Amino acid sequence: MGFVLDGLAAEGYDREYSDGQLLRRIVRYFGPFLPTMLVVALSMFLVAALDALLPLLIALGIDRVGDAPPEALWGRTGWLLGAIAVAGVGSWGLNFLRQWLTAKAVGNVVLQLRLDAFEAVMARDMSFYDEYSTGRIVSRVTADTQDFSTVVTLTLNLISQLLQVIIIALILFWINPRLALIALAIAPFIVAAALAFRRVARRTTRQARRVLAEVNANVQESITGIGVAKAFRQEQAVYDVFKGVNAQSYALNLRQGLVFSAIFPILGTIAGIGTALVVYAGGASVVAGAVTPGQWFLFVEAVAFFWFPLTSIASFWSQFQLGLSASERVFALIDAEPRVSQTGAVAPARLRGRITFEGVVFGYTPFEQVLRDFDLTIAPGETVALVGHTGAGKSSIGKLVARFYEFQGGRLLVDDHDLRSLDLRAYRRQLGIVQQTPFLFSGTVRDNVRYARRDASDAEVVAAAGSIGGGDWLEALPQGLDTEVSEGGRGVSMGQRQLIAMARILLQDPAILILDEATASVDPLTEAQIQEGLETVLHGRTAIVIAHRLSTIREADRILVLRQGEVIESGSHAALIAAGGHYAQLYDTFFRHQSPDYVPEGLPGA
Amino acid sequence: MSAVVTPNAEFTVAGARRYDRRSPTRWVLAHLARFWPLLLLFFVASTLTAVLFAAVPRLTGFAFDVVLQREPDMRALLVLALGILAVVLLRGVLDLTASFSIETLGQRLERNARDELYQSLLGKSQTFHERQRVGDVMARASNDVRQLNPMMNPGVALITESFNGLIIPLVFIAFIDTRLLLAPLAFEVTFVFALRSYMRQLNPISSALRRQFGLLSAGLNQTITGIEVVKGTAQEAQEQARFGRDAARFRDFFVRQGLVQARYLPLLLLAVAFTGAFAHALWLVSRGELSTGELVAYMGLMGVLRFPAFISIFTFSLVQLGLAGAERILELMRVDTEFDEHAQAHTARVQGELVFAGVGFRYQGVPNARAVLHDVSFRVAPGQTVAIVGQTGSGKSTLTKLVNRIYDVTDGRISLDGVDLRDWQLASLRQQIGVIEQDVFLFSRSVADNIAFGLGPEVDRQAVIAASTAAQAHAFVMALPEGYDTVIGERGATLSGGQRQRLAIARALLTDPRVLILDDATSAVDSATEDAIQRAIYAVQQGRTTLMITHRLSQIRRADLVLVLHGGRLIDHGGHAELLERCPLYQRIFARYD
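Order-wise, the sequence lines are chains A and B.
When you line the first sequence up against the numbering used here, it's residues 15 to 620, in that order.
When you line the second sequence up against the numbering used here, it's residues 307 to 900, in that order.
Please keep in mind that the hints were generated in silico from the structure rather than gathered at the bench.
Here the structure is a predicted model, which means the values were calculated and not measured.
Cβ atoms here follow ideal geometry from the backbone N, Cα and C, with glycine treated the same way.
A few of these clues could be false.
List of simulated lysine to aspartate or glutamate pairs, EDC-like, C-alpha gap at most 16 Å [unchecked claim]: (1) Lys-707(B) - Asp-825(B); (2) Lys-707(B) - Asp-717(B); (3) Lys-707(B) - Glu-743(B); (4) Lys-707(B) - Asp-826(B); (5) Lys-257(A) - Asp-421(B); (6) Lys-257(A) - Asp-825(B); (7) Lys-118(A) - Asp-558(B); (8) Lys-118(A) - Asp-139(A); (9) Lys-707(B) - Glu-436(B).
Covered, in the sense of this in silico footprint (three residues per stretch, anywhere, with C-beta under 8 Å from a C-beta of chain B), are these stretches of chain A [said to hold, decoys possible]: (10) 118-124; (11) 188-199; (12) 222-235.
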């Protein structure tokens with residue numbers, strides 16, 4: 015129902031693949047189901063033929079009954095009735111076969127495509143995830159693969175409807191070309207009306223969509239604001255605003271709704287005019303002896319039968335394009351080249367943790383270089399704190415060590431291995447990462463601690479969690495290690511997320527640690543637990559810490575001050591403060607206020 | 307508690323209508339009853355459309371009869387053809403009328419329901435709004451309200467159309483010959499059963515399929531959001547296996563749904579009925595009891611039954627969804643959260659002496675709820691600043707919510723200026739307690755309007771600027787494209803957490819509360835911003851009793867009183883120096899900063 019209304023939201027899409035390329039690939043996915051699809055095609059053709067046969071048989075029946083006496087009736091029409099029953103039941107049965115087999119094939123093809131897309135996504139390096147939002151990737155893998163299958167279903171439906179229309183039109187022309195022309199005269203009007211309507215509806219939709227987003231946002235705000243309005247006793251004021259917004263929303267929605275509800279009455283009326291025309295012209299032809307009454311009936315039925323397939327033909331093209339765009343997005347995802355490429359697959363033995371940057375050149379995009387000819391050596395077991403303004407290259411250094419991005423020049427060594435020669439999965443098992451906002455998977459805290467080492471025993475998990483910050487942070491979780499966290503870590507506080515991430519690291523026991531300290535503020539006790547946990551986690555590992563906390567910098571073995579991708583100062587906190595250079599300035603800007611002795615300027619006691 | 311329940315809503319609109327809220331159906335009907343002429347118009351137009359739809363095959367039948375009689379009557383044929391044309395045109399007009407009426411009805415239902423819900427929300431107590439999750443209210447006010455419109459069109463519209471399409475052809479057939487009702491009636495009876503069993507089979511599978519799609523997307527979403535962890539810990543295989551399982555399960559549901567849809571029985575029934583009807587009619591024709599024209603009319607009318615046979619399950623589920631949404635809206639509107647308030651409630655200007663005496667709290671209506679606070683006792687002198695220190699879940703924010711009676715204590719008592727909070731008049735109490743939340747909500751209005759929000763539109767610009775200056779907001783406001791007239795949220799005029807907080811402080815300075823509750827978890831990235839925020843907080847503290855949830859060590863140090871909460875217990879309280887002396891937990895906090 016309602017094909018005319020489908021696919022109105024189609025947008026222009028820049029094609030990188032030609033329609034032919036896309037269709038060939040779509041067909042290739044259906045390759046394994048070739049026999050099935052052949053059965054589908056055959057039953058589709060038969061259904062169309064049987065459906066077209068039905069009115070023809072009835073027309074014959076009307077002519078044959080004529081002046082037959084009751085006793086001769088079944089002799090004359092019995093086989094016809096049998097044929098009508100067989101055609102009706104056969105059409106249903108074949109249609110069942112077609113739909114069921116299509117569902118099977120499409121289900122399997124979509125599954126295969128999703129697996130391919132997922133695999134492609136997992137093979138990408140981080141630059142890919144920076145470029146595309148999570149929502150866009152997810153919709154490519156789930157929704158676009160689904161839309162892809164609509165190309166097939168749509169094409170099948172279109173072919174079967176076209177077949178029916180063609181078969182009936184042929185029969186009509188074979189019986190009486192003049193009458194057939196009259197009967198088909200409405201076809202162009204139906205198609206034109208459907209196309210014109212789609213133009214209007216698309217414009218209305220586009221306009222409405224823009225304004226509606228705004229109106230919806232306003233409604234949303236006026237509801238979110240109720241709490242504040244009440245606190246300040248401003249109910250009448252916000253109600254007046256709401257009333258205006260609600261009225262606007264009503265007017266817009268109504269306009270769009272009226273446009274949409276007009277189409278079927280209009281199409282039905284055009285088809286009806288065709289019926290009136292055929293009733294008159296057919297009757298005249300019968301009188302003139304050009305057609306039989308049964309054939310006249312066939313023409314009348316044909317008009318009523320015709321118009322619905324015609325409207326879906328009118329809307330086919332844009333829906334088809336929509337489906338092609340979806341499959342193009344999926345194929346673009348599958349075809350994208352990973353940028354990180356390994357030259358070897360050496361699985362390193364336990365690493366000692368020496369990290370060496372030799373003249374490394376790196377930029378996220380070709381237009382801006384973050385690191386130029388960067389040299390740095392970090393000794394095994396050393397904790398290095400990186401400080402500097404945003405964009406100085408602090409996190410880039412960590413991300414390169416994790417091999418999340420490809421660098422453009424120089425060498426990066428871990429112990430004596432060139433990073434490019436390593437088997438990445440084996441290497442990353444010896445690498446621990448704590449993100450600025452640690453990500454937790456939905457499941458229990460226990461599951462999350464165990465994430466990097468699924469074979470760890472319960473005792474090991476408990477021991478790891480207990481070693482972080484004395485373990486008393488577990489008491490603050492409602493069910494301790496069995497506390498459920500929802501995706502991303504909702505359900506536990508930001509500080510608890512960091513503690514869980516540290517327990518995860520401890521269980522993983524990596525040789526190298528990259529830690530991006532959180533900037534969000536955490537309650538002071540949890541902060542103390544985090545600092546204690548940090549000491550445990552850093553012990554005996556090489557660590558690169560992107561530091562935001564005063565206490566962390568002070569504990570580091572070496573502070574590196576970065577500016578525009580270069581190390582401009584290095585040393586201990588006390589030495590650097592005494593030197594009064596860039597670090598002293600940074601301290602004053604970013605870290606001074608974290609001290610308990612801090613008194614803001616302009617306040618008594620300053 | 308023997309007290310008088312505060313009657314009715316806190317806010318009403320003059321002349322607002324009341325609707326029957328006893329059940330979702332009654333409520334929807336009550337709304338529709340307001341537009342009864344439109345509803346009537348829809349039903350009449352829709353029914354007449356169906357009548358005229360059936361009239362076309364009937365007139366066609368007459369046309370056959372006038373042509374097939376011994377002397378064909380061409381004039382009569384022309385008249386009948388013109389009759390069909392007239393019927394078709396009139397039908398078009400009526401069909402449009404019906405569509406427009408139901409569409410208008412649906413839209414008005416949505417608009418009025420939203421208005422009613424909004425008024426009802428405005429009428430709820432502040433307590434209600436503090437307790438309710440904003441997202442939940444939002445979902446009902448947008449999704450559930452929006453669902454009312456498709457419930458009418460296409461929901462009710464298509465069901466009415468299908469119902470008419472089943473009944474009216476029968477009437478026409480009965481007028482031709484009542485015996486002919488045999489086949490269509492047999493079809494319709496079996497059709498109803500077949501449709502019901504179809505929906506019973508399809509419903510669970512379709513919802514399972516939708517759920518599985520949700521699971522698939524959510525799982526993938528999680529993998530990609532956490533991609534750094536997945537890759538960093540080399541757990542790609544784990545994720546791939548999970549995704550594969552989810553996607554295969556989706557495929558299984560998809561194929562099962564396809565099977566059920568392919569087995570749609572009503573179409574088979576129609577084919578059988580069609581054959582039977584034709585045989586029956588032929589028999590009557592051969593006995594001379596039915597004319598060829600009547601046979602043609604009959605077969606045409608049987609063809610009209612094709613439309614209801616295609617009726618989709620989705621029309622019924624639209625009505626179900628609409629009513630389920632209506633139920634959730636009603637639930638929200640029915641909630642009553644008024645506190646008991648003493649008959650001779652106390653009103654006075656607050657001085658600010660706050661005493662907690664053995665205060666305990668657990669959530670009501672939650673079975674086996676853990677107590678959130680146990681036996682908390684302390685005293686705050688007027689004008690003092692209290693810093694509350696504790697971990698997430700230690701009861702910090704619950705403690706502050708007891709002060710303005712978002713919740714009432716379950717044990718012990720809290721008194722303000724020596725009067726039990728429960729004896730204060732709620733409005734008087736709340737007007738004098740200002741709250742600055744962690745997430746400051748600002749309206750998409752000008753900065754000046756937001757600052758002056760509590761005082762209504764007529765506020766002196768000078769007063770706004772003075773408050774804003776004291777709150778350290780003046781400088782960044784002047785840097786906005788249109789200064790105080792900049793509309794927040796427009797053309798990139800977005801504000802940082804620290805800036806929003808300072809606007810809230812300016813707002814509080816204008817309304818001048820006597821007690822201030824300040825949830826200050828905003829993290830400043832640099833010391834200059836930190837300076838400004840702390841100066842603003844300092845300004846707003848002056849002359850007010852202030853309860854502050856803060857993570858800033860320097861602020862904790864300077865507070866008059868520090869409360870150390872742990873697991874809902876007040877484990878110690880006092881000044882910085884004394885706590886540093888005796889409280890191990892407190893010492894741990896400052897351990898790294900000697």
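These are the hints, each one checked on the structure:
1. Lys-707(B) - Asp-825(B): Given that 16 Å is the threshold and the Cα spacing comes to 11 Å, the pair holds.
2. Lys-707(B) - Asp-717(B): Roughly 15 Å separates the two Cα atoms, so the pair holds.
3. Lys-707(B) - Glu-743(B): Status holds; Cα separation ~11 Å.
4. Lys-707(B) - Asp-826(B): The hint holds at about 15 Å.
5. Lys-257(A) - Asp-421(B): holds, 7 Å
6. Lys-257(A) - Asp-825(B): violated, 33 Å
7. Lys-118(A) - Asp-558(B): It holds: about 9 Å lies between the C-alpha atoms, which stays within 16 Å.
8. Lys-118(A) - Asp-139(A): Answer violated: Lys-118(A) to Asp-139(A) is near 34 Å, above 16 Å.
9. Lys-707(B) - Glu-436(B): holds, 9 Å
10. 118-124: holds (count 5)
11. 188-199: Our answer is that it is violated, as 0 residues pass the Cβ test (under 8 Å) against chain B, missing three.
12. 222-235: holds (count 5)
Violation of the numbered hints given earlier is confined to hints 6, 8 and 11; the remaining hints are satisfied by the structure.
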